[in-house]
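**Q** Protein chains in written order, with the numbering used here: chain A, 1 to 249; chain B, 1 to 63; chain C, 1 to 227.
Watch out, some of these pointers could steer you wrong.
As the list claims (entries may be wrong) - So, partial list: chain A residues that the calculated Cβ filter (under 10 angstroms) puts toward chain B:
no., residue
1, 47
2, 56
3, 66
4, 101
5, 224
6, 225
7, 237
Unchecked claim - Once the Cα atoms are required to be at most 30 angstroms apart in a straight line, the calculated DSS-like pairs of lysine-lysine come out as:
no., chain 1, residue 1, chain 2, residue 2
8, A, 23, B, 38
9, A, 119, B, 2
10, A, 245, B, 49
FYI, nobody ran anything at the bench for these hints, they're computed from the structure. In this text, a Cβ means the ideal position worked out from N, Cα and C, and glycines have one as well.
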Amino acid sequence: MSNRIVNWFKFASPQTFYPLAGKMIPWFWALTAVFGLVGLYIGFFVAPTDAQQGEGYRIIFIHVPASWLSMFIYLIMAFWAALGLGFNTRLSGMMASALAPTGALMAFLSLWTGALWGKPMWGTWWVWDARLTSELILFFLYLGFIALQSAIDDARRADKAGAVLALVGVANIPIIYFSVKWWNTLHQGASVSLTRSPSMAQTMLWGMLLMALAFWMYSIAVSLTRVRAIILERERHAGWVEELKELKS
Amino acid sequence: MKWNSFSEFLAMGGHALYVWGSFGACLLLMIVEPILAKARRSNALTELKREIAARKENVNENF
Amino acid sequence: MAETSLLSALGAVIRRDLLLAMRRKSDVLTTLFFFVIVVSLFPLGIGPEMAMLRQIAPGVLWVAALLATMLSLNRLFAADHADGTLEQMALSAVPLGVLVTGKVVAHWLLSGLPLALLAPVLGLQFDLAAGSLGVMVVALLIGTPVLSLIGAIGAALTLGVRGGGVLVSLLVLPLYVPVLIFGAGAVEADLGGLGATAHLSLLAAFLALAAFFGPWATTVALRIALE
Numbered sequence: 001m002s003n004r005i006v007n008w009f010k011f012a013s014p015q016t017f018y019p020l021a022g023k024m025i026p027w028f029w030a031l032t033a034v035f036g037l038v039g040l041y042i043g044f045f046v047a048p049t050d051a052q053q054g055e056g057y058r059i060i061f062i063h064v065p066a067s068w069l070s071m072f073i074y075l076i077m078a079f080w081a082a083l084g085l086g087f088n089t090r091l092s093g094m095m096a097s098a099l100a101p102t103g104a105l106m107a108f109l110s111l112w113t114g115a116l117w118g119k120p121m122w123g124t125w126w127v128w129d130a131r132l133t134s135e136l137i138l139f140f141l142y143l144g145f146i147a148l149q150s151a152i153d154d155a156r157r158a159d160k161a162g163a164v165l166a167l168v169g170v171a172n173i174p175i176i177y178f179s180v181k182w183w184n185t186l187h188q189g190a191s192v193s194l195t196r197s198p199s200m201a202q203t204m205l206w207g208m209l210l211m212a213l214a215f216w217m218y219s220i221a222v223s224l225t226r227v228r229a230i231i232l233e234r235e236r237h238a239g240w241v242e243e244l245k246e247l248k249s
Numbered sequence: 001m002k003w004n005s006f007s008e009f010l011a012m013g014g015h016a017l018y019v020w021g022s023f024g025a026c027l028l029l030m031i032v033e034p035i036l037a038k039a040r041r042s043n044a045l046t047e048l049k050r051e052i053a054a055r056k057e058n059v060n061e062n063f
Numbered sequence: 001m002a003e004t005s006l007l008s009a010l011g012a013v014i015r016r017d018l019l020l021a022m023r024r025k026s027d028v029l030t031t032l033f034f035f036v037i038v039v040s041l042f043p044l045g046i047g048p049e050m051a052m053l054r055q056i057a058p059g060v061l062w063v064a065a066l067l068a069t070m071l072s073l074n075r076l077f078a079a080d081h082a083d084g085t086l087e088q089m090a091l092s093a094v095p096l097g098v099l100v101t102g103k104v105v106a107h108w109l110l111s112g113l114p115l116a117l118l119a120p121v122l123g124l125q126f127d128l129a130a131g132s133l134g135v136m137v138v139a140l141l142i143g144t145p146v147l148s149l150i151g152a153i154g155a156a157l158t159l160g161v162r163g164g165g166v167l168v169s170l171l172v173l174p175l176y177v178p179v180l181i182f183g184a185g186a187v188e189a190d191l192g193g194l195g196a197t198a199h200l201s202l203l204a205a206f207l208a209l210a211a212f213f214g215p216w217a218t219t220v221a222l223r224i225a226l227e
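Let the hints inform the model, and build the full structure from the sequences given.
**A** The structure is reproduced here in structure tokens:
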């Protein structure tokens, strides 16, 4: 048991994590490609045309995964942030700041695809629907996190300040979501839901799950790439960085 | 196979703009983001190389 | 004995901040004038039809209150940080959380409270009935302390950071959304004849949560900024 704990702390050091991440990245890209290709095949060639929404519903194959990931990444970011604040590990803060841009990208994609779905279905690009509105606020939370971190020069302080903000954000997200929902039901009747279409075929669900897995693997791959860059930027005066074979050539 | 021809596939039952607008934006961003992340790492590497070279030069001058 | 000394420390911080603010009255008045001007601009932008104005009044007053509170967040810690008082406070025997609470209370007394008292006058511009004006004041009295408490976290995080003033709005405004929804919702519910009790109790729940966690998060953020 104690052995395992020691091992975890070993991987928590940037020095050991940097090469490990380098080895893992290609595998996650491969998984992204496999899940993505199968998901797209099912999404475009196997899943039937929706009776109500025609072919336009195929947007959910990226809209729903992007929305899920945007929320999930915020949770993971807050998890790393809490770990960094609690145990003062350097890597956690770097992970949190590596995840933020990918999370913001997912939130943006969710909004973009939501708008493109809404135009043919509702007749407008934007509806103040509870989901879209809370996604917009989530996007703002990501932007605030990124802006705060980039405004602080001292990396340690940036990590900790970002961590406090991420934790405050994660405590607020449920409250924000429920208030937006309440507000939405008060002001307009229930609208067509983006995800709960009545004739959700089994194949549609599979396509969506596979695309969600692909998006997940993509997020891991790209944030590992980014965390490697961040490690190099932050640890430039550490001895082990000079020994890297990337620098010998 | 549910599509009769490639052009029918592209037309997406009249929703081409919306479907391809979504998938296109998604693909574009998912190509650009990794490139930016990789560029950030190679920037950090060149910066480091320059720094190390400068440090070595300093040492040589001191001798 | 220990409790009374904490309470007296709390009182001392509040008195000190109020005294300092009284020496620089213009800061407090600027916030109030900002509130008045923003609210008065809306009818000019939208048109003078009373039915329309009555409908948008809750939202307009609340958004203006949000912005006015946010404008005044900078002075919460910045001056004390600049002259080193804040570091002395952090080192003193009194827990930093108590000092933070005192400063937040003083901030609310100088921003939220005057806004709430001023709101009925502005509500008259929008032809709100007396009952709705009362609900508006109560909602503001419960909601603006939440704004001060959450805002303090943002102010502490951006302390001494370049571009802090604009940055704090980016951090804090998304977190203000629930207060905005239920604050404006309370008045709208009253206008619609539904009764505002549910909204007001939810606002009070937010206040309880924010009063419990806010000073704690602010203290952590301040310690990070002072390191």
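**Q** The structure should be examined with respect to each hint, and the outcome stated for every one.
**A** Okay, the hints, checked on the actual structure:
{"no.": "1", "hint": "47", "verdict": "holds (9 angstroms)"}
{"no.": "2", "hint": "56", "verdict": "holds (4 angstroms)"}
{"no.": "3", "hint": "66", "verdict": "holds (7 angstroms)"}
{"no.": "4", "hint": "101", "verdict": "holds (7 angstroms)"}
{"no.": "5", "hint": "224", "verdict": "holds (9 angstroms)"}
{"no.": "6", "hint": "225", "verdict": "holds (4 angstroms)"}
{"no.": "7", "hint": "237", "verdict": "holds (9 angstroms)"}
{"no.": "8", "hint": "23/A to 38/B", "verdict": "holds (15 angstroms)"}
{"no.": "9", "hint": "119/A to 2/B", "verdict": "holds (25 angstroms)"}
{"no.": "10", "hint": "245/A to 49/B", "verdict": "holds (11 angstroms)"}
The structure fails none of the hints (numbered hints given earlier).
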